[in-house]
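> Quick note, the sequences are listed as chains A and B, same order. The first sequence runs -5 to 80 under my numbering. The second sequence runs -5 to 80 under my numbering.
Derived from the structure by calculation, the hints contain no laboratory data. Treat each hint with caution, since some may be false.
Since copy identity is lost for identical chains, a pair holds within one copy or between any two.
[To be verified] Mimicking DSS-like on lysine-lysine, the simulated pairs with C-alpha atoms at most 30 Å apart in a straight line are: (1) Lys78 - Lys19; (2) Lys24 - Lys51; (3) Lys78 - Lys24; (4) Lys19 - Lys51; (5) Lys51 - Lys78.
Number of protein chains: 2
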Amino acid sequence: MINENILGIVAGTLTSLSMLPQLIKVIREKNASDLSWVMILVLILGLSLWVWYGFLKNELPIIFSNAFAVLVNVCLFICYFMYKNK
Amino acid sequence: MINENILGIVAGTLTSLSMLPQLIKVIREKNASDLSWVMILVLILGLSLWVWYGFLKNELPIIFSNAFAVLVNVCLFICYFMYKNK
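Just chain A, same shape as in the assembly (with noise of 0.2 Å):
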């Protein structure tokens, strides 16, 4: 039998470890001309509420894994607007 939170664990790690090439990419390349804030934004919007939602369901893999990529989020929506007129 599969334990649910180290499956939880995996999923969360794999989906969070995709994030980061994008934001790795933009912070190299101090562009981010290919974005779209509004789509960060909605994204930032809606992994917050499946925070809340990990929190209310007390699952500690959610909370986790959106949590982070929250985190990312808010870095490239900084990013955004600090190379935006490069």
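Fit chain B to the known structure of chain A by using the hints.
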């Protein structure tokens, strides 16, 4: 008191919606050179594990939103190789 399922559905709708602009952009411009196929593959794997997690926990919002995300990213993956050489 907030209903957890409604919260999950709203959260899932927002995070799902936020993926569509990228897919639309790639299809419109027939250009996926900004994407990394490794990242998309890691993401598809992670999202699939979330679907599995949703089944184990019997949580519909998690199953639906991640299954939708798998679908969007499989499309992106296909687009990547279709438009790769343009």
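> Run through the hints listed earlier and report the numbers of any the structure violates, in increasing order.
2, 4, 5
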